[in-house]
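Protein chains: 2
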Amino acid sequence: MKIALAQINYHIGNFKSNIEKITNAIIKAKSQGADLVIFAELAISGYPPRDFLEFNDFVEKCNSAIKQIAKDCADIAVVIGSPTFNSAAEGKPLHNSAVFINDGKIQYEHHKSLLPNYDIFDEYRYFEPGKKFEIISLKGKKIALTICEDLWNIGNDPLYTINPMDEIFKYDPDFIVNIAASPFNYKQAEIRKSILLKNVKKYKLPLFYINHVGAQTELLFDGGSMVINKEGEIIEELKYFEEDFKVFDTDNLKTYPAKETKNQPSKMELIHDALVMGVRNYFQKLDFKKAILGLSGGIDSAVTLAIAAEALGSENVKAILLPSEFSSDHSVNDAKILAENIGCKYDIISIEEAYKSFTNTLSPQFKNLSFGLTEENLQARIRGVILMALSNKFGYIVLNTSNKSEAAVGYGTLYGDMNGGLSILGDVYKTEVFELARYINRNTEIIPENTITKPPSAELRPDQKDSDSLPDYEILDEILYQYIELRNGPKEIIAQGFDEQIVKKTLKLVNTNEYKRYQTPPILRVSPKAFGMGRRIPIVAKYLSR
Amino acid sequence: MKIALAQINYHIGNFKSNIEKITNAIIKAKSQGADLVIFAELAISGYPPRDFLEFNDFVEKCNSAIKQIAKDCADIAVVIGSPTFNSAAEGKPLHNSAVFINDGKIQYEHHKSLLPNYDIFDEYRYFEPGKKFEIISLKGKKIALTICEDLWNIGNDPLYTINPMDEIFKYDPDFIVNIAASPFNYKQAEIRKSILLKNVKKYKLPLFYINHVGAQTELLFDGGSMVINKEGEIIEELKYFEEDFKVFDTDNLKTYPAKETKNQPSKMELIHDALVMGVRNYFQKLDFKKAILGLSGGIDSAVTLAIAAEALGSENVKAILLPSEFSSDHSVNDAKILAENIGCKYDIISIEEAYKSFTNTLSPQFKNLSFGLTEENLQARIRGVILMALSNKFGYIVLNTSNKSEAAVGYGTLYGDMNGGLSILGDVYKTEVFELARYINRNTEIIPENTITKPPSAELRPDQKDSDSLPDYEILDEILYQYIELRNGPKEIIAQGFDEQIVKKTLKLVNTNEYKRYQTPPILRVSPKAFGMGRRIPIVAKYLSR
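Read top to bottom, the protein sequences are chains A and B.
With this note's numbering applied, the first sequence corresponds to residues 215 to 760, in that order.
With this note's numbering applied, the second sequence corresponds to residues 215 to 760, in that order.
Careful: at least some of the hints might be erroneous.
Stated by the list, open to error - If we take Cβ atoms under 8 angstroms as the criterion, some of the chain A residues that face chain B in the derived model are:
| hint | residue |
| --- | --- |
| 1 | D336 |
| 2 | Y496 |
| 3 | D561 |
| 4 | Q579 |
| 5 | M602 |
| 6 | R750 |
| 7 | I751 |
| 8 | I753 |
What the hints assert, rightly or not - Taking lysine-lysine and the DSS-like style, the derived pairs with C-alpha atoms no more than 30 angstroms apart in a straight line are:
| hint | chain 1 | residue 1 | chain 2 | residue 2 |
| --- | --- | --- | --- | --- |
| 9 | A | K581 | B | K504 |
| 10 | A | K355 | A | K453 |
| 11 | B | K730 | A | K607 |
| 12 | B | K743 | A | K275 |
| 13 | A | K384 | A | K345 |
| 14 | A | K418 | A | K384 |
| 15 | A | K559 | B | K570 |
| 16 | A | K730 | B | K607 |
| 17 | B | K306 | B | K384 |
| 18 | A | K319 | A | K281 |
| 19 | A | K607 | B | K722 |
| 20 | A | K275 | A | K346 |
| 21 | A | K407 | A | K453 |
| 22 | B | K345 | A | K345 |
| 23 | B | K718 | A | K230 |
| 24 | A | K722 | B | K306 |
| 25 | A | K235 | B | K719 |
| 26 | B | K306 | A | K384 |
| 27 | B | K719 | B | K401 |
Worth flagging that the hints you see were computed from the coordinates, not collected in a lab.
For glycine and all other residues, C-beta sits at the position ideal for the given N, C-alpha and C.
Isolated chain A, as found in the complex (with noise of 0.2 angstroms):
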């Protein structure tokens, strides 16, 4: 039997265009004499749809689109993720289902049973987990058709009391198929490989496995679909973070030893890879073609800057330098390097004459108070109204050049350097930031050395460096790791040779900061755990904060 996988980048309820790729990814099947043809979970809906399944308009468009695609499938079979309503009287009112289309004709719906309910994922807010195990037939072979999660529960800390695959199993399938929304994140490609090995060796099945690929506003999708042979061998890998075809031949799955062996990408080529795609597929849905973005000099702008000229173009990025009387000549200089090195436009535009404007305004109330944290924020603040005013006027969309170190500790200006329509760093500590410089640099100095290895300065007061007020990145984003990826807590982290005053302060500022990340643009997540939907912290709260 010959099965087609489809990796596509969906975008979630525009359904005129899922179809037309689904539709597309049929017709080129066929031509292939697939038999079958294979699509991600939930991939007519896209992927998450979050609370748009409550609308029952948007998951009746889900099922009237499924079945526009069954009339295209007379001759050829599907399996492709939906949202399905609950027919029982009991429970919640959808399944999360893998929808077969045999003959023309929708012939089972497998509904998801292990639903993850952790980190960015909410399913068990939307759907009724399956209780029910059958096994699907098509031109004699027998195939045990799974959903994601339903692969996950192996291993020896099971967080489900079930094991869906062992019920199927009951059935004696031929092979596996996996249909799967499984988000990137720099460690996630070989954890997600070896979750499906487990499985193959377990079962002793050929294993067909179709992700997602492409971004849904801060998740991205990596694709890296697979074909896996009861060996345990990996016959072929689909395209990362590109939309991707390939059939296969159940028959003959067989790995070639001439077979190209690719060298498992760097941390830092996933990262940046990751972070294009991010930034491409949210102004190519969001029908966007252009971005601006403050650029200080410091190494935060620069690497969003020549992120946002590969996703983008360097035509359709603008950069503004904005300085202050603070700003240095090398700032100002190292910008204007990158900006030519990137090929982009940009403008100068001194924040001088509105910083004076606020303060006489302020006078009576300032009247002689010194200057402090309100004049470096007002400095932050004045580049952020500069910034919309000229998204507001020629349409670009700000992009947020905060990191996860800043945005971690409250190292930024609220409706100032926190503003934008999408943040590329904000997952990126900044110790990754230095090393993401050097990826984007591995063939030619685009980002200046000078911006690489100055010292950090947010200039807005004289001579002022980030060191002053943080301590060293290096152990900053160490102790960052352990409490937000790692969630340990202090003993945990002082036990591990941490100074626990810097430890101590450190967590607080983390918890008394979760206001500033509470209002930030989204994050593209890259890391296990990023601020956003996948980390859910109270405002008003007093743990580890005094």
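Put chain B on the given structure of chain A with help from the hints.
Using the frame of chain A, we list chain B on its own:
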């Protein structure tokens, strides 16, 4: 047997304060001869602790606190809510438990079976459902211990496939205890009573119900704990929006004909009292004292100021009038009268100089482009910058003054009037804001009549009216209610007689402004469906947005 109900305003993660309040209630219960004192669901941590539950350190602190409290319980029994670790190898790491303490020891833990995972609830994110149903005994009485949602799967449209109380009922209990965390909305008290009464009717048992009171950022808990006798009569309700404590004798659960019958409070009274508590607790729990807001002379900032003054004291609220060339005389005048009626300090700070400085700074880019949305937003953003500067300099918290209608259709300026630490009216439709103003003026005119009767205007260009851009609020708010609260789709709304074009335009505005709401402050939740944690919509999507 004597049972004490301790209705307490907990603070998430503030173990010191929570333990102190619980211990004091235990002492009081003992002094009044109670045999058992009951506290709310997850009392020890505060509700909702959200992802703090992913930190073992946090859960261990909960468990230590329970052990510490148990030491004070040599001669009284306690039921109290706490997260506990799941001792099984399989399943999620925690349970949401009602801990039964007797003889100074933890004698039993009932694990919540029905874990709400809709709207603002995420309980299945953390907790493994309880599957064991037993009963506890105290002084010859058998008690059915349940936690909030455990009693809610009653009625014709069950969300869950089991009903824990049916299981516990087999042990022939003498009464039901339900410990809850049931957040307020203006319909909730009524629904809650009806659910509890259905249980009493079904099982013919008295019911002791204890709820949280107080605000946790956006979530407001209204208290209203109660005791219902087996005849289905509410013996007593504890106070709404305040801490309360009362002891009941299980042998004497009679209603007294002489008992004062209190009228059901009006929707506006409920919303008003909830908002006042919300503002007050936000400030108390974050150790803030003083608030600031921009006072435009319009209805939204007027109502916000009145509520803030009641919550914090008029001496702790400062109003800033920020007129531009487009501000009408009556606006400034109405604002002044209001500030004087309320007795709060106010300053007048013209934004004209700052506005000129920006248009001058931007003139090389803007050249001769005509006045438009950019210049309107600019004014709102300058106001935002000034309020934030005063906030930074003097420690005021900026109050957001947007209403739900504006937030829904994006009629507001991001980083401008959408700024603030907390949104007071973000869950109150414009038409309801007018009703709230009338309620505030119920005894005496606080909000000037002219503020209530003049046509709403943002005053960002000459002679601007809200009705230039938006449907009449009477129509807009009804469509929004249909879409947001009831999740009706366009077909269903149009079928009710609303104009098709207006419906489509409105839903499009709601869906395309998701990006703005992503960055707004937390909104005090008073309706059954508020923007924020209870409504999760993708930004990059194309549903009803063309």
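Taking the hints in turn, this is what the structure says about them:
no., hint, result
1, D336, "holds (7 angstroms)"
2, Y496, "holds (6 angstroms)"
3, D561, "holds (7 angstroms)"
4, Q579, "holds (6 angstroms)"
5, M602, "holds (6 angstroms)"
6, R750, "holds (5 angstroms)"
7, I751, "holds (5 angstroms)"
8, I753, "holds (5 angstroms)"
9, K581/A x K504/B, "holds (20 angstroms)"
10, K355/A x K453/A, "holds (28 angstroms)"
11, K730/B x K607/A, "holds (18 angstroms)"
12, K743/B x K275/A, "holds (23 angstroms)"
13, K384/A x K345/A, "holds (15 angstroms)"
14, K418/A x K384/A, "holds (13 angstroms)"
15, K559/A x K570/B, "holds (26 angstroms)"
16, K730/A x K607/B, "holds (18 angstroms)"
17, K306/B x K384/B, "holds (28 angstroms)"
18, K319/A x K281/A, "holds (8 angstroms)"
19, K607/A x K722/B, "holds (22 angstroms)"
20, K275/A x K346/A, "holds (26 angstroms)"
21, K407/A x K453/A, "holds (14 angstroms)"
22, K345/B x K345/A, "holds (17 angstroms)"
23, K718/B x K230/A, "holds (18 angstroms)"
24, K722/A x K306/B, "holds (28 angstroms)"
25, K235/A x K719/B, "holds (28 angstroms)"
26, K306/B x K384/A, "holds (27 angstroms)"
27, K719/B x K401/B, "holds (29 angstroms)"
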